[in-house]
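Q: Each chain is listed here by its residues.
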Amino acid sequence: MPEIKAPSVEQDKKIKLSNTVILFIILVVMFALFSYIGRPFFLSTLNLVPMLNNLSYIGIVAAVLTMVMVTGEIDFSIGGNIGLTAVLIAFLLGKGMPGWLVFVIALCVGALMGAFNGFIVTMVGVNSMIATIGTMFVWRGIGYTLSNGESMLAMDPFIDYIGRGFLFKVIPFPIVILIVVFVITYVIMDLSKWGRKIYAVGTNPMASYLSGINVKKIKFINFLICGITAALGGVMLTSLTAVGMPQHGQGLELVVISGIVLGGTALSGGKGEILGTLAGTLILGILYNFLTIMNVYYYYVQIVQGAILILVVSAYETRQSMAARRA
Amino acid sequence: MANSRKRYSELKGFLRTPTPTLIGIYILMIIIFTIADRNFLTIQNFKGIFNNFAVFGVMAAGVAIVMIAGGFDLSIGSVAGFVGMLSSVLMLENFAVPTPLVFIIAIAIGCIFGLINGLIITKIGINPIITTLGTLSIIRGACYFSDLSPRIYNVVIQDLGRKFLFNTIPYTTIYIVVFFVALSLILKFTRFGRDLYTIGGNETLARLAGIKVDRIKTITYVLSGFFSAIAGLILISQLGSGRPEYAVGAELEVLTIVVLGGVAVGGGKGDYFGIFIALVIIQTISNGMVMMDVPIFLRQVVKGALLVLVISIDALRSRQRLRLY
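Residue numbers (my numbering), protein chains in the order written: chain F, 1330 to 1656; chain P, 219 to 543.
None of these hints come from the bench; they were simulated from the model.
The reader is advised that the hints may include incorrect statements.
Across the chosen pairs, the derived CB separations fall in these ranges [stated by the list, open to error]:
| # | chain 1 | residue 1 | chain 2 | residue 2 | range |
| --- | --- | --- | --- | --- | --- |
| 1 | F | L1640 | P | R433 | 23 to 33 Å |
| 2 | P | T239 | F | V1512 | 45 to 55 Å |
| 3 | P | E311 | F | G1478 | 30 to 40 Å |
| 4 | P | Y371 | F | Q1649 | 45 to 55 Å |
Here the structure is a predicted model, which means the values were calculated and not measured.
Every residue, glycine too, gets a C-beta built ideally from N, C-alpha and C.
All chains should be built: construct the whole structure from the sequences, respecting the hints.
A: Here you go:
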């Protein structure tokens, strides 16, 4: 009688770890390669600090979107959310509101957007891909309406500090936010009970429901957090550029989702690693930065972004179907 | 007797589709817009409405097939933009490609893009939304191969989207009616058409029943590319030039039209009569907003909100039992 062996949790963790380790090795190799080819600009602080600042707002959104994607849903409206938040901040600052209040309002509006997405996905039951494509246009349209299509100056000591300040006068503040968000999401996903539930929901919602998990609640809260984090990303981007533009965050969903999938998260849910997302986002961020340094025309970078999304997803799909065939 | 009963059940089936509701909404809209602006209910205005929906209508013809088979195509706007841009560059004096060849190249390019979409989706098995989101970005980037925005002097292309039959009916409306009728007949009476519904209804079952699912799905994407290419030609004809940013965001509008027309988002349901009504409704809303001086950016909000509303209604309608998770 053949012995049936279930993969143990340790084994599972080892496989996950090895994926992430491979990604980090790729990251280091790419970094070294680009530093050599793109010398002397790539490795200068003038390039690295803005690059990391830019990556930090993308990274926090990616971290939280990973949580949404592990439950088997997706949120395309993050870019629109950032656009609306940016305009809102500039608009409210222009009305003479204090920076901290604007910050709080921006996050609250982000929470509302996330809650709306969560509501139509969990309560009404719309496919999240299509629902959030719709809301993406709505958020950005509201941004355009509010700003009348113009860019508005957004200057305020408090807001400035979030995107351009330095902690202890050395560490750029966006990077601090990036690290904090990644630590929190890592703790949630890998160490807490809530995280186990998220994985369970993504793997089999029916079984999770039958074993007493409130599937709708978990999905809803994930969307809510995603909205808040995207709004925080919007604050960071506005602060970095000192302008509230309705075009902020356009096409962001492409970059973020490719980074997440590169990090090993399955579109079908149930699989995903926060550290993998970090590695994936950093790899893509460095790549796009390198392309810009090498003077690649902006619209061709768009081609590369689309191609990478398809390539990465294809690679994972192929590997998965090969593994299924072997089993 | 049996005949009249059959007709009765057909009528009942028709009443159960969203089409009667759509017609009701449309009549209500016409009344409201007419009260708001008395220039609305004029032949001149309706000539404009019917001519303006040509691009979206032709695109919707292709997207509907894809969606009935359970797929999705977001790359239509980019394909139309690229085809328009390429054809207008080809017609420049220094290339001077003959008109029939321009048509052939344009349609071939559209079909090739569709084929690529279809092959990635069926052979590799990626989610269609993700695939076409990627190709949307790739093809839109490729539109910028030239910095020019060539004007169209070619008479054939100019007439394609601008002429009116008997000075009242736009040629483009005739194309759309021809396309829609032809596709309806294909959907209803050919094996290919019936297979589309089967695949959209239950793909695994269709596979088990021996339907060549992958091949048929690929064909739907090729058709979608084909219609997007025609839409691109009509677009440059109506706008009189080719520019890389044409038809950005067309997927939003077309998606709204197709879902409003009664095509189920998961596939397996839908007919062209409903889509035609939805097309007229959406274009009338756009037109009415212009006449009522709604700011351009607010119009985008309204369109996005309309999509969310329409898909919510679709989700509520197709929900058979209580959703527990």
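Q: Hint by hint, note whether the structure agrees.
A: Here is how each hint holds up against the structure:
1. L1640(F) to R433(P): 23 to 33 Å: 24 Å Cβ-Cβ, so the 23 to 33 Å window holds.
2. T239(P) to V1512(F): 45 to 55 Å: With a Cβ separation near 52 Å, T239(P) and V1512(F) satisfy 45 to 55 Å, so the hint holds.
3. E311(P) to G1478(F): 30 to 40 Å: The hint (30 to 40 Å, Cβ to Cβ) holds, given that E311(P) and G1478(F) are roughly 36 Å apart.
4. Y371(P) to Q1649(F): 45 to 55 Å: 52 Å, holds
Checked against the numbered hints listed earlier, the structure breaks none of them; every hint is satisfied.
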